[in-house]
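Asker: Here's the letter readout for the chains.
There are 2 protein chains.
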Amino acid sequence: MLKAAREAFAEAGYDRTSVRQVAAAAGVDTALVHHYFGTKEQLFQAVVEFPVDLPTTLARVADGPVGELGQRLVDTFLEAWEHPVSGPALEALIRGALAHRVYGRLIREFFTVHIVRSVGVRLEGVVPTDEVPTRANFVASQLLGLAVVRYLLRFEPMASLPRDVVAATVAPTVQRYLTEEIDALG
Amino acid sequence: MLKAAREAFAEAGYDRTSVRQVAAAAGVDTALVHHYFGTKEQLFQAVVEFPVDLPTTLARVADGPVGELGQRLVDTFLEAWEHPVSGPALEALIRGALAHRVYGRLIREFFTVHIVRSVGVRLEGVVPTDEVPTRANFVASQLLGLAVVRYLLRFEPMASLPRDVVAATVAPTVQRYLTEEIDALG
Chain A
1 MLKAAREAFA
11 EAGYDRTSVR
21 QVAAAAGVDT
31 ALVHHYFGTK
41 EQLFQAVVEF
51 PVDLPTTLAR
61 VADGPVGELG
71 QRLVDTFLEA
81 WEHPVSGPAL
91 EALIRGALAH
101 RVYGRLIREF
111 FTVHIVRSVG
121 VRLEGVVPTD
131 EVPTRANFVA
141 SQLLGLAVVR
151 YLLRFEPMAS
161 LPRDVVAATV
171 APTVQRYLTE
181 EIDALG
Chain B
1001 MLKAAREAFA
1011 EAGYDRTSVR
1021 QVAAAAGVDT
1031 ALVHHYFGTK
1041 EQLFQAVVEF
1051 PVDLPTTLAR
1061 VADGPVGELG
1071 QRLVDTFLEA
1081 WEHPVSGPAL
1091 EALIRGALAH
1101 RVYGRLIREF
1111 FTVHIVRSVG
1121 VRLEGVVPTD
1131 EVPTRANFVA
1141 SQLLGLAVVR
1151 YLLRFEPMAS
1161 LPRDVVAATV
1171 APTVQRYLTE
1181 EIDALG
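Top to bottom, those sequences are chains A and B. Under the working numbering, the residues of the first sequence are numbered 1 to 186, in order. Under the working numbering, the residues of the second sequence are numbered 1001 to 1186, in order.
Treat the hints as calculated values from the structure; they're not laboratory data. Fair warning: this is a prediction, and the values are worked out from it, not measured in the lab. Each residue gets a CB set at the ideal place from its N, CA and C atoms; glycine is no exception. Each hint should be verified, as a subset may be incorrect.
What the hints assert, rightly or not - Now the stretches of chain B that chain A is said to cover, found in silico as 3 or more residues with beta-carbon under 8 Å:
hint : segment
1    : 1115 to 1122
2    : 1130 to 1140
To be verified - Facing chain A, a subset of chain B residues (Cβ under 8 Å, in silico):
hint : residue
3    : Val1019
4    : Ala1099
5    : Thr1112
Start from the sequences, fold in the hints, and give me the full structure.
Answerer: Structure below.
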């Protein structure tokens, strides 16, 4: 059922997906979906909380040289988007976030809270603490923009570039936002 | 009527806006809106083609030192987003693009065709010609991501940062994507 829901939300967006469609796609009764997941909103939340084990994943990103944080973060982000389970779930999350203020909150949490909490710890002593939330926002701007262009809007040639080419091109941007001196933020 | 339509699309997105709502907001009859603009889709296209005089704007961006293309492009982009007329129109454009494949095409056109055509000309002899479309996609990823985080999802502190701080932070990223050597693209 979650698989059917993930695909339905990713394909049609939150708004135009009904619990009935999800049930039909999963080959079960609508009542069964409601029984397990509650409302359509709760079903969506079950879907969007599923994609990645965030604490474990971000701990892995944080672990290693600070000078390669950008590379590890971009690699992990692209890997999650190209994974057959978490990819469609992340797509549903972003489409939902842009269609509904409620889901915008989920995305903000994903990026700001989780990245600041786990990766931000590694920035202590590297950049001023009060710059960390701002820097995390700039990281989010590059990563979300990459997801929008490569996976949602499917710009070419971006959508067809090998993952490692994308990662190598974007990693220095993310690294700069994380650890390099940025005069304007001072 | 266009003003009412712009605000309605930006607020509720393409899907959940009706011609009737637009007419009511503008204080006119629905038939009048249909008479001037045709279908809801045509109305939307009138709205999204309105925001910026692209050829003139991008000619201004292209004009000046190549080493400051990134700064001029980011300044112009942020200015358009913070302008009371073009800002809501751009928001409607992006929300529409993410909700409907049809409007995804409009956005791709906006970024790829227009930027490659006018700004790309300035890159002749600076970077290999066959890298220009790819570089334009990376520029789009940073600019669109910035719009999503600052204007659509309104992450804090990003949404409250002064425009010049945002521009100064992001301009080197855009400049690098435009003109600097990127090994992975070679």
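Asker: Now tell me if each hint is right for this structure.
Answerer: Hints versus structure:
1. As drawn, the segment 1115 to 1122 of chain B meets chain A at 0 residues by the rule of a beta-carbon pair under 8 Å; below three, the given contact is violated.
2. Residues of the segment 1130 to 1140 of chain B with a Cβ under 8 Å from some Cβ of chain A number 5, which satisfies the need for three, so the listed coverage holds.
3. Given the 8 Å rule on beta carbons, the hint for Val1019 (chain B) is violated: about 19 Å separates it from the nearest Cβ of chain A.
4. Taking 8 Å as the C-beta cut-off, the interface hint given for Ala1099 (chain B) holds, the closest approach to chain A being about 6 Å.
5. Proximity of Thr1112 (chain B) to chain A holds as hinted, the smallest CB-CB distance being about 6 Å (cut-off 8 Å).
The structure is inconsistent with the numbered hints 1 and 3, although it conforms to all the rest.
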